[in-house]
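K.L.:
Okay, here's what each chain looks like letter by letter:
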Amino acid sequence: MMELPPTRAGHIGRGLSATAILLFLAMPIVIILVTSFGADGIGTFPPQEYSTRWYEQMAAPGGNWATSIALSSLIASLTTVFSLILGVTAAMALARGRLPLHAAVYGLVLAPMLIPQVVIALGLFLFFEPAGMLGSPLAIALGHTVLAAPIAVLIMISTLKGIDERLEDAAASMGASRMTIARRITFPLATPGLIAAAVFSFITSFDEFFIAQFLSTPDTRTLPVLVFNALQFDVDPTVTAVSAVLIALAILALALVALVRKLGGHRNGQSALPIEPLT
Amino acid sequence: MAGTAVAPTKVRVKTSEKRGHRSRTALVNAVPVTVFLLILFVYPIIGVLSLSLKGDSGGFTLHWYADALSGVNLSVLMSTLRISAETAVLSLLVGFVLAHAIARMRPVFAALAMLIVVVPHFISALVRTYGWIIMLGEHGLINTLLTSVHAPGAPYSLLYNETGVVIGTTSVMLPYTVLVLQGVMRGVDGRLLAAAAGFGASRLTIFTRIYLPLVAPGIGTAGLLSFILCLGYYITPALMGGDKQTVVAALIDQQVMKQDQWNSAAAFGVILLLLTFAGLGVLGLAKLRRKKTAARRSSS
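Chains as they are written, first to last, in the numbering used here: chain A, 1 to 279; chain B, 1 to 300.
Since the hints were made in silico from the structure, they are not lab data.
Nothing here was measured: the structure is a model prediction, and the numbers come from that model.
Think of the CB as a built atom: it goes at the ideal place given N, C-alpha and C, for glycine as much as any other residue.
All clues stand as given, with none of them false.
Straight-line distance between alpha carbons at most 27 Å, and here's what the computed DSS-like set of lysine-lysine pairs gives:
| no. | chain 1 | residue 1 | chain 2 | residue 2 |
| --- | --- | --- | --- | --- |
| 1 | B | Lys-287 | A | Lys-161 |
| 2 | B | Lys-258 | B | Lys-54 |
| 3 | B | Lys-291 | A | Lys-161 |
| 4 | A | Lys-161 | A | Lys-262 |
Partial pick of chain A residues on the chain B-facing surface, computed with a CB cut under 10 Å:
| no. | residue |
| --- | --- |
| 5 | Gly-10 |
| 6 | Leu-23 |
| 7 | Pro-28 |
| 8 | Met-92 |
| 9 | Val-109 |
| 10 | Pro-112 |
| 11 | Gly-123 |
| 12 | Phe-128 |
| 13 | Gly-143 |
| 14 | Val-146 |
| 15 | Pro-150 |
| 16 | Glu-208 |
| 17 | Val-227 |
| 18 | Leu-249 |
This is chain B alone, in the form it adopts within the complex:
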């Protein structure tokens, strides 16, 4: 709470009567959102789970999972994982460079740069993807520019293949990585770097031995976050990936809309869900470990 002034004394009266009242009101206030999400979020997801385990005759089966993890389906899953990983790495690299530059800009420019990072996030991904399609086509801006400077091999095919998809998804995930990295970079104590320089450490040493370890938690969070968000992402791959089914979410859409294969779609949904939970679990564990280390340091 940056806005509030320092509170020297708590004027508030904390009688047990008031406390009891507060917890009762809180319970009442928590009811609408809890009930709503239990009915329209948790229950439907349980529905997906049970559908994925139901055989044609109604009994329990793992058939749909076996089906999802073999043949063409497996290759779709693998390419989803690959695209997500590529996107995570690329948006991390690009995001790191940008966040690092923003951290060293004068405040006015830094604010302007953050604006350019954040505003696109609120513009429909559909629209931004369309912008990329216009830009990356054979006669699009990028290829026109590259041809005019006689780049070898131009025009390149940047659209309707994995390159196009990854360019598109990276631009969608970039705001997340920049914001997370910005957060940790702002927290780095510059005096540590200056001290290292004072002891004669080279710039490279300072960067790899001090700066990187300090921002490592942010790198982990940003990378995993864009990986997770990419797993279930659909719009950009569907529009920029061409005729081949490239990602799981597109497969689910097709199975439901065109083939009425709900069980199989549900199995894919649960697989996505499990992968997401795995990613979140890693994030949670890392956070817990950092907290423990911090607690140990401060107590010793």
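Okay, chain A solo, but in the shape it has when bound:
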């Protein structure tokens, strides 16, 4: 890295500016978490009084929130299944095989990460509307898979590339069948990657707003769509509790991924977080 001796002023300046920027990133999240326990309904920070009433309201059975949480969970689970199937097979082709048209397939897989989501959402709307599938959880899940599958593919490619193929060759040389190799060697080694791919597919779908907004009907609104409406049109204080739960869910998911990767013995943490498609 930089080998110039640091000056004292430079050191302090860098430290202060970095702290300020990190606060800039973290504050909105901290504020939501604290505000969600406030007793008054207008989202003041810091709250005058603390209570858990918004959480109780959110969990009230049969309410809007509970219904859309269930819907979003269903859609996210379907998305996870679809994108794991696509992710594993595509990664086998792209990382392991000698695929003709490799660049074309790879480009096609990455494209949904870069194309404006509103365009994808509009296209899917035009696709599903004539079929009378607006509001169908399956349609929304298929739409979410367009966004989630590329992430799953990228994670699985880096997972497969991280597995030493000589282990599989060694097993083959000792007479293990293709199935045995897959079951006893490749699959166990790929498990952390599979879990990471599943987790990221799930949150991608659970947090997705645009496609859900275009494909939903007033009866089927996913959690983000409901949160968006609550923020844009009426101030329902329950939304703070919902937001806090979404934050907790994301942090838990990331912790899970970090844990399985640690247990799986992976040291390079970068490939675990598929954040930027271009380098």
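Model the placement of chain B on the given structure of chain A, informed by the hints.
P.N.:
Chain B in isolation, oriented as in the chain A frame:
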């Protein structure tokens, strides 16, 4: 592949039979994702394209584009471009300062800082935007703080205007810029800087003549990336931008959901798509040029 050990000899048997088998399996494995994306990604986008060129009576027309590029619609497009550019510049500046600081931190702090950068990225943008709304309001944390230190003119209006939107979008794009810049900064050879210092170059000279040119490709990539991603972005502008329609994506949403103007929405979609392609094209060209230069250098 940092994890794998050095492979001195390839033990694998590379018979032509095995190779043939591998390419056949690869083809079979590539089918699901290809078919899926052709049906649910490529075909729908072609649908958007053809809708944008279809007149009311079904014939070919450029009417919707003319409509999208005039009057109020044009001003929405221009403000989208302006907000995206402002966001790109701001997140680049802030990202540069942070990435540079992280590059010089002790490993423990650097890891902690990267965690604070990356974790928010995985938290719903909707939720983070809501956090900003609570923070930036007239009686929000920022204005309360500024009023209590008697900042001139406080409280400021930081919400439901372009300032609010750009603050929000910058916080969404920042993880991308920091990660890209971090990548290039890590690759800078410190000995070059030390050598320049040894020849008596001032810190400013070293920074502008050596460090900046070395990290320039990352600056370009990070800036364009956040610009492109911002073009079609919607949540933050819609929630923090107030009643005025400020961005194209919001306009598309409104045209489809409230006005049934699909053709016009499609034309806007294609314009966004073209702008994105233009941005990606610039990125690709720059990468190609760097590769060529590198190849020329290594061959001479």
